[in-house]
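Q: Heads up: the sequence lines are chains A and B, in that order.
Note that the numbering used here has the first sequence beginning at 1, numbered continuously upward.
Note that the numbering used here has the second sequence beginning at 1, numbered continuously upward.
Because the hints were derived from the structure by calculation, they are not lab data.
Possibly wrong hints are sitting among the right ones.
[As the list claims (entries may be wrong)] Away from chain B, derived, C-beta distances all over 10 Å, residues of chain A:
| no. | residue |
| --- | --- |
| 1 | VAL4 |
| 2 | GLN17 |
| 3 | GLU59 |
| 4 | ARG68 |
| 5 | THR100 |
| 6 | THR102 |
| 7 | GLN103 |
| 8 | THR112 |
[Stated by the list, open to error] With a straight-line cut-off of 30 Å between C-alpha atoms, the simulated DSS-like cross-links for lysine-lysine are:
| no. | chain 1 | residue 1 | chain 2 | residue 2 |
| --- | --- | --- | --- | --- |
| 9 | B | LYS70 | A | LYS9 |
| 10 | A | LYS57 | B | LYS99 |
| 11 | A | LYS57 | B | LYS104 |
| 12 | B | LYS99 | A | LYS70 |
| 13 | B | LYS70 | A | LYS14 |
| 14 | B | LYS104 | A | LYS9 |
| 15 | A | LYS71 | A | LYS57 |
[Claimed, not checked] Now the stretches of chain A that chain B is said to cover, found in silico as 3 or more residues with beta-carbon under 8 Å:
| no. | region |
| --- | --- |
| 16 | 9-16 |
| 17 | 80-86 |
These figures come from a predicted structure and were not determined experimentally.
Beta carbons are placed, not taken as given, at the ideal position from N, Cα and C, and that holds for glycine.
Residue-level listing of the chains:
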Amino acid sequence: NAGVTQTPKFRVLKTGQSMTLLCAQDMNHEYMYWYRQDPGMGLRLIHYSVGEGTTAKGEVPDGYNVSRLKKQNFLLGLESAAPSQTSVYFCASSYLQGFTDTQYFGPGTRLTVL
Amino acid sequence: SQQGEEDPQALSIQEGENATMNCSYKTSINNLQWYRQNSGRGLVHLILIRSNEREKHSGRLRVTLDTSKKSSSLLITASRAADTASYFCATVETGANSKLTFGKGITLSVRP
């Protein structure tokens, strides 16, 4: 099993450009999450999904959109990137108990917005 | 809002010594989890301890939970250079729709 994978690993954008980050998991998990990690801030939840076709806002959703068309994939989109979105983005998944369950993390995507 | 607050922020020890890291939180919790993050990598789950549990072990790891003091500790015994990483505590508050909230992390350096 590959676990949780993320694409791409690194990306540099200019302000105003758009991009999509892809997360895939092969563990048949219901729940999937997107976090951002900034220095000194810990991880903050952006959006999450409790199952195929569902999405919900987390702590810092502004400027991001998500989609979960297939159970194994969770996409994070930036429509118009801003320097404040420079961060490391982590995707995670968990089984049936959602937030009260163990989360499995991907390796991260390092995004720089100039 | 940040729930868990780790202490100390950084810890440097000699290989073979024990490392103790603490986490305090503010409200009632469903469970508390500890994660490890090696430099440039994703987080790896270490231990989950539920609010009705007081202690759990996993290999060289020992986690305690004191709900009356709203605190937890992670003990790594006989540390190794490979234990060098950042360690995060994360909590899930009681109640519906509660999310997993991470602290800012502890940087552990184990000197060979």
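Q: Taking the hints in turn, state whether each one holds.
A: Hint by hint, here is what the structure shows:
no. : hint               : result
1   : VAL4               : violated, 8 Å
2   : GLN17              : holds, 24 Å
3   : GLU59              : violated, 7 Å
4   : ARG68              : holds, 17 Å
5   : THR100             : violated, 5 Å
6   : THR102             : violated, 5 Å
7   : GLN103             : violated, 7 Å
8   : THR112             : holds, 15 Å
9   : B:LYS70 x A:LYS9   : violated, 37 Å
10  : A:LYS57 x B:LYS99  : holds, 11 Å
11  : A:LYS57 x B:LYS104 : holds, 21 Å
12  : B:LYS99 x A:LYS70  : holds, 23 Å
13  : B:LYS70 x A:LYS14  : violated, 44 Å
14  : B:LYS104 x A:LYS9  : holds, 23 Å
15  : A:LYS71 x A:LYS57  : holds, 18 Å
16  : 9-16               : violated (count 0)
17  : 80-86              : violated (count 0)
Violated hints for the displayed structure, listed by number in ascending order: 1, 3, 5, 6, 7, 9, 13, 16 and 17.
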